[in-house]
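Peer 1: Below are the chains, spelled out letter by letter.
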Amino acid sequence: GAVVSQHPSRVICKSGTSVKIECRSLDFQATTMFWYRQFPKQSLMLMATSNEGSKATYEQGVEKDKFLINHASLTLSTLTVTSAHPEDSSFYICSASRSTYGYTFGSGTRLTVV
Amino acid sequence: RKEVEQDPGPFNVPEGATVAFNCTYSNSASQSFFWYRQDCRKEPKLLMSVYSSGNEDGRFTAQLNRASQYISLLIRDSKLSDSATYLCVVKNTGNQFYFGTGTSLTVIP
Numbered sequence: 001g002a003v004v005s006q007h008p009s010r011v012i013c014k015s016g017t018s019v020k021i022e023c024r025s026l027d028f029q030a031t032t033m034f035w036y037r038q039f040p041k042q043s044l045m046l047m048a049t050s051n052e053g054s055k056a057t058y059e060q061g062v063e064k065d066k067f068l069i070n071h072a073s074l075t076l077s078t079l080t081v082t083s084a085h086p087e088d089s090s091f092y093i094c095s096a097s098r099s100t101y102g103y104t105f106g107s108g109t110r111l112t113v114v
Numbered sequence: 115r116k117e118v119e120q121d122p123g124p125f126n127v128p129e130g131a132t133v134a135f136n137c138t139y140s141n142s143a144s145q146s147f148f149w150y151r152q153d154c155r156k157e158p159k160l161l162m163s164v165y166s167s168g169n170e171d172g173r174f175t176a177q178l179n180r181a182s183q184y185i186s187l188l189i190r191d192s193k194l195s196d197s198a199t200y201l202c203v204v205k206n207t208g209n210q211f212y213f214g215t216g217t218s219l220t221v222i223p
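Sequence lines, in order, name chains A and B.
Mapping of the first sequence onto the numbering used here: position 14 corresponds to residue 14, and the numbering continues sequentially without gaps.
Mapping of the second sequence onto the numbering used here: position 109 corresponds to residue 223, and the numbering continues sequentially without gaps.
Note that these hints are calculated values from the structure, not bench results.
Note that the structure is predicted; figures quoted are calculated from it, not measured.
Subject to a maximum C-alpha distance of 30 Å in a straight line, what follows is the list of computed DSSO-like cross-link-like pairs (lysine-lysine):
{"hint": "1", "chain 1": "B", "residue 1": "LYS116", "chain 2": "A", "residue 2": "LYS64"}
{"hint": "2", "chain 1": "A", "residue 1": "LYS20", "chain 2": "A", "residue 2": "LYS64"}
{"hint": "3", "chain 1": "A", "residue 1": "LYS41", "chain 2": "B", "residue 2": "LYS156"}
{"hint": "4", "chain 1": "B", "residue 1": "LYS159", "chain 2": "B", "residue 2": "LYS193"}
{"hint": "5", "chain 1": "B", "residue 1": "LYS156", "chain 2": "B", "residue 2": "LYS193"}
{"hint": "6", "chain 1": "B", "residue 1": "LYS156", "chain 2": "A", "residue 2": "LYS55"}
{"hint": "7", "chain 1": "B", "residue 1": "LYS116", "chain 2": "B", "residue 2": "LYS205"}
{"hint": "8", "chain 1": "B", "residue 1": "LYS156", "chain 2": "B", "residue 2": "LYS116"}
{"hint": "9", "chain 1": "B", "residue 1": "LYS205", "chain 2": "B", "residue 2": "LYS159"}
{"hint": "10", "chain 1": "A", "residue 1": "LYS41", "chain 2": "B", "residue 2": "LYS116"}
{"hint": "11", "chain 1": "A", "residue 1": "LYS55", "chain 2": "A", "residue 2": "LYS66"}
{"hint": "12", "chain 1": "A", "residue 1": "LYS66", "chain 2": "B", "residue 2": "LYS205"}
{"hint": "13", "chain 1": "B", "residue 1": "LYS205", "chain 2": "B", "residue 2": "LYS156"}
{"hint": "14", "chain 1": "A", "residue 1": "LYS14", "chain 2": "A", "residue 2": "LYS66"}
{"hint": "15", "chain 1": "A", "residue 1": "LYS66", "chain 2": "B", "residue 2": "LYS156"}
{"hint": "16", "chain 1": "A", "residue 1": "LYS41", "chain 2": "B", "residue 2": "LYS193"}
{"hint": "17", "chain 1": "B", "residue 1": "LYS159", "chain 2": "A", "residue 2": "LYS20"}
{"hint": "18", "chain 1": "A", "residue 1": "LYS55", "chain 2": "B", "residue 2": "LYS116"}
{"hint": "19", "chain 1": "A", "residue 1": "LYS14", "chain 2": "A", "residue 2": "LYS55"}
{"hint": "20", "chain 1": "A", "residue 1": "LYS64", "chain 2": "B", "residue 2": "LYS156"}
{"hint": "21", "chain 1": "A", "residue 1": "LYS64", "chain 2": "B", "residue 2": "LYS159"}
{"hint": "22", "chain 1": "B", "residue 1": "LYS116", "chain 2": "A", "residue 2": "LYS66"}
{"hint": "23", "chain 1": "A", "residue 1": "LYS20", "chain 2": "B", "residue 2": "LYS156"}
{"hint": "24", "chain 1": "A", "residue 1": "LYS41", "chain 2": "A", "residue 2": "LYS64"}
{"hint": "25", "chain 1": "A", "residue 1": "LYS41", "chain 2": "A", "residue 2": "LYS14"}
{"hint": "26", "chain 1": "A", "residue 1": "LYS41", "chain 2": "B", "residue 2": "LYS205"}
{"hint": "27", "chain 1": "A", "residue 1": "LYS66", "chain 2": "A", "residue 2": "LYS20"}
{"hint": "28", "chain 1": "B", "residue 1": "LYS156", "chain 2": "A", "residue 2": "LYS14"}
{"hint": "29", "chain 1": "A", "residue 1": "LYS64", "chain 2": "B", "residue 2": "LYS205"}
{"hint": "30", "chain 1": "A", "residue 1": "LYS64", "chain 2": "A", "residue 2": "LYS14"}
{"hint": "31", "chain 1": "A", "residue 1": "LYS41", "chain 2": "B", "residue 2": "LYS159"}
{"hint": "32", "chain 1": "A", "residue 1": "LYS66", "chain 2": "B", "residue 2": "LYS159"}
{"hint": "33", "chain 1": "B", "residue 1": "LYS159", "chain 2": "A", "residue 2": "LYS55"}
Each pair of labels, with its calculated beta carbon distance range:
{"hint": "34", "chain 1": "B", "residue 1": "GLU117", "chain 2": "A", "residue 2": "LYS66", "range": "18 to 26 Å"}
{"hint": "35", "chain 1": "B", "residue 1": "LYS159", "chain 2": "A", "residue 2": "LEU74", "range": "17 to 25 Å"}
{"hint": "36", "chain 1": "A", "residue 1": "LEU68", "chain 2": "B", "residue 2": "SER140", "range": "30 to 38 Å"}
{"hint": "37", "chain 1": "B", "residue 1": "ASN206", "chain 2": "A", "residue 2": "GLY16", "range": "37 to 45 Å"}
{"hint": "38", "chain 1": "B", "residue 1": "TYR184", "chain 2": "A", "residue 2": "GLN29", "range": "29 to 37 Å"}
{"hint": "39", "chain 1": "A", "residue 1": "GLY16", "chain 2": "B", "residue 2": "LEU188", "range": "43 to 51 Å"}
{"hint": "40", "chain 1": "A", "residue 1": "PRO86", "chain 2": "B", "residue 2": "ALA134", "range": "35 to 43 Å"}
Virtual Cβ for every residue (Gly too), placed ideally from N, Cα, C.
Build out the structure end to end from the sequences listed, making use of the hints.
Peer 2: Written out as structure tokens, the structure is:
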């Protein structure tokens, strides 16, 4: 149980285009999902907390107009990287908690902007 | 001050060795504690929760010291497959999870 599916696993896009990443909780309902970014050889950095039916909460330094988050249902949150640039190339991971005992991560999306 | 701090390592140990990682947290009201394992270019996966009384899962032992606000992970009889980055994770009262920077372990044949 507690499976989180993330799609796509890998995407290459041109600079200036937008990319949407989906995060689905497959066997449970997640009122809250989290989006992380990880640059090479660095730890996960929380970007935003996605709340079902309301606006996401962004961490300091994360541009909400660039990283659009939509959490329209209890099983799906999406992250759209708008007007992507090469510096946005990173490993993006979502996660969701089913209980108070830790949470499950999606398999991640490796974004390369060329 | 960071919420969670870990020694990034790297730790390079021979097979069969015992290795210990420590992690400190800044918020004394933190509620839950975990160790995650992350393999290169993969997502983190829960290794074990950390309970106040300490807990063991096979070769892995986790301990929590609330007074000193640190968490430890002990790996006995290291295997090559234990090579990974180990992340300390702390959950605060606001339901926020905070990650340490991770400790890199390489087990050498």
